[in-house]
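With chain A's structure known, arrange chain B on it following the hints.
Chain by chain, the residues:
Protein chains: 2
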Amino acid sequence: MGGAAERRPRRRRGVQLIVYPNRFGATIAGLLRLLDGPLLRDVFEGVHLLPFYIPFDGADGGFDPVDHTQVDPRLGDWEDVRELASRYEVVADVIANHMSAQSPQFLDTVARGDASEHAGMFLTMGSVFTEGASEKDLLSIYRPRPGIPFTVMPWGEGRRLVWTTFTEHQVDLDVDDAETAAYIDEVLRALAGAGVDMVRLDAVGYVVKTAGTSCFMTPATMEFIHRITARAHELGMEVLAEAHTHYAMQVALASAVDWVYDFALPPLVLYSLYTGDGDPLRRWLGLRPDNCVTVLDTHDGIGVIDVGPSRHGSRQAGLLAPDQIDQIVEGIYERAGQESRLSTGRSASNVDIYQVNTTYYDALGRDDHRYLLARALQFFTPGLPQVYYVGLLAGHNDLALLAQTGVGRDINRGRYLTPDVEEHLARPVVAALFELIRFRNAHPAFTGDFDFGGSGAVITMTWTLGEHRATLTANLVAGQATITWTDRKGRLQRTANLLNPPWHTPDDLSQ
Amino acid sequence: MGGAAERRPRRRRGVQLIVYPNRFGATIAGLLRLLDGPLLRDVFEGVHLLPFYIPFDGADGGFDPVDHTQVDPRLGDWEDVRELASRYEVVADVIANHMSAQSPQFLDTVARGDASEHAGMFLTMGSVFTEGASEKDLLSIYRPRPGIPFTVMPWGEGRRLVWTTFTEHQVDLDVDDAETAAYIDEVLRALAGAGVDMVRLDAVGYVVKTAGTSCFMTPATMEFIHRITARAHELGMEVLAEAHTHYAMQVALASAVDWVYDFALPPLVLYSLYTGDGDPLRRWLGLRPDNCVTVLDTHDGIGVIDVGPSRHGSRQAGLLAPDQIDQIVEGIYERAGQESRLSTGRSASNVDIYQVNTTYYDALGRDDHRYLLARALQFFTPGLPQVYYVGLLAGHNDLALLAQTGVGRDINRGRYLTPDVEEHLARPVVAALFELIRFRNAHPAFTGDFDFGGSGAVITMTWTLGEHRATLTANLVAGQATITWTDRKGRLQRTANLLNPPWHTPDDLSQ
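So the sequences go chain by chain: A and B. Mind the numbering: the first sequence is residues 1 to 511 in the UniProt record's numbering, read in order. Mind the numbering: the second sequence is residues 1 to 511 in the UniProt record's numbering, read in order.
So here's chain A without its partners, still in its complex pose:
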């Protein structure tokens, strides 16, 4: 495998696609053909390739690897990843919190208990609470679902309370164990060797467990994050840390890594469009770190914890009050239908019951103008924008897939073949979104300075770089936006209706 030394120079930070290769393009090579093909050419500069390890279709949709160091042969091989990474920025997941209960390391531990050479890789209640735990200790452990994070499992001749933050199919790793550390390093080297530009640290807030704490985003967690970030940098990769948490913790995390997610944006944009109240979003624009990956939708649901009060440690208010959060959740159910309600919460195999499952397009009642307005707000917000493949096609909730699998998040994880993509592209909302992405990628102002303003239902966002300028003026009540922008000759242009591109020719924008 090639090392970091052979890497191509880093590109500008254009819009990235978040995608399951098997659900969009069928394989990694198929995805590359789609990205390079006539439909998507020049739309994306990068790709977050959702887990493609063995198996990509486990109990938690690839986030429970059996072998994290290998590409699932049904999707391709490392050569395909390298080919993709040679033309696009590639983001790939590092899952350090847990591995599959079906992994050879854990199966051996189940079979042989402490006699297994791998037993030390896995956390049990006793390996963290060496002196025992009080009721308060156990209640302090933070988890994205109710209950305490232990599963009784066989362990040689006996049984152990294995630490399972998410589900019983995902057994948590002791990152202080030498074999675990070697395993994580092997994963990092494999990704770097394939030319991956950025590693996404999945669920990293949960990785380190310390008795008597929340076991979430503690000082020991931050130490781990510093350590793995330094190692990724050595290997020439940037680090994106994933954590759904109170905004203040997100701000702190942002200083430790290259990128964090702005998970507050999706609910704040919904709130502003549901109510016409732009204040919370404006307030957030003044607080948030700049090194954010911006999203409206991902393979997970829409997090509401991210705008809520802190759930552990000292109580701090959130970006929204509880009744405002209720307005979002009920607003989604109202627009996206009963299926969204049924696919959310405890009843639908959800890893995180505090996420609402729906496509973003359905959450906006399939209103093309509001959807494009939401995307414009995302693209004008500072950071690295990512668009989920379902959102790219303004997808509807996939009730057939939901009914087939019973997994709530599958409502927003539909499968698209190339002909589907072609068909969706014929829809004005999708064509307009493609234009908006190209605009975000190409206009030089977005590498300059950001400012925002407005009041009440009007939000303005402006980017300036020398003579170049791009301004979004969003009317949240009307659900309409205008963009004014300088073309390459410095003339001011105005797009009064985001649904009616073109706003420009490539010549207008390219530097």
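Hints in this document: simulated from the structure, not taken from any laboratory. Hints may be right or wrong, so weigh each one.
Since the list can't tell identical chains apart, any single copy or any two copies may satisfy a pair.
Unchecked claim - Once the Cα atoms are required to be at most 20 Å apart in a straight line, the calculated SDA-like pairs of lysine to any residue come out as:
(1) K136 / E45
(2) K136 / E157
(3) K136 / A211
(4) K136 / P146
(5) K136 / T151
(6) K136 / G212
(7) K136 / G120
(8) K136 / R112
(9) K136 / G158
(10) K136 / R315
(11) K489 / L465
(12) K136 / R159
(13) K136 / D114
(14) K136 / R335
(15) K489 / A445
(16) K136 / G113
(17) K136 / V110
Okay, now just chain B, sitting in the frame of chain A:
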């Protein structure tokens, strides 16, 4: 209410019916009409009335009372119970381990936490493990399902790990709390006042929790059983203790109370009829206590723990080896179909995943001869025989009800209206079972001495009282049995085919 002093004299110990009033007779009064009516007259001497408290149809089919001191008005009132008890022996449940999470006492605790005057009634992890618990402590707790028995619940402003042995709908009581003790005493007095003859201590093995033990059938549990038994005796009621456990523990329990269940009998009879091997059943006949309520079927599934090795404390072998138990379980699935498999275990809301859900008739492949043979083995085994209402009608697995509710045990909890009963009575197997019950009730030999013998596939059981004699000769391989018996004139009669009554006229038998 009348007190114990007004009680009618105790009857002879004839066969009892186990029944849900709402599923067989619709109400308590309706059940009494059925028992007194032409179809069932003279069949039963007693009734185990499954929980009729408010509500009779909670999350665990009545075993999660909201108000244990009141008759659910949809089923009748205490006067109806008293009326039933005036003509039949009545067995009623005392549920001391837990109450409904919807009970006013617990709802107040959820709302006000420790400020609630009822908070002390309920057990949390911390109220038992005051010094904290180690992983080993938690793994030592015995439970009829995997996992540890705590549910995170709101508790005033905070949260607690509430002790929930069975489901999150059933919150465990601290029987050492004064209010809990008063509550249990009120239940006992209400039952005695209505003329109930026997209280069944539901799930009594789990009632007392002691840190560092299995929290199941410990010395402290036995103390509680002694205490509640003494109080029931004061009130003129006998005590039947329900515990699914290793046979040695069942034998110990039998010395503390009036009656225990012979839960080993149902799987041993199946094993003997599946394999033709009578040795394990004969062995059990030599070991078992005499003060057993005998059953083949109840409202629960067929317990396999009862014939297995001990699961806590010192390891002791069971009545059957693991592969013999597998033969039973697979034998049931083979005969009773895929639905039985699907209704058993973790996936079907089962309180006890170690019970196999099926009607007994279906477990015997709907073979009339073998079913009557099984009942004859039950009735000849010393003890107080009970017949579950579904078994009385040789019922099939109720797949419609199972599909409707998704609750595994509902496969054996069908609803029967009076016309259904009439229809089933026309089936030779049901008519023959009624005859067998009448024979068991009426023949004087059954109040005498018991002996058993045979070898291999032949089991003999004989009862003798002076000149009176009744002998069952069962051929397990042939699935046929003969009964030889003395009629009132002392003549020896022989019934060569249990399916072809009558064997006698009432005159033959009555003393």
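Ascending list of hint numbers which this structure does not respect: Numbers 1, 14 - these are the hints that the structure violates, sorted from lowest upward.
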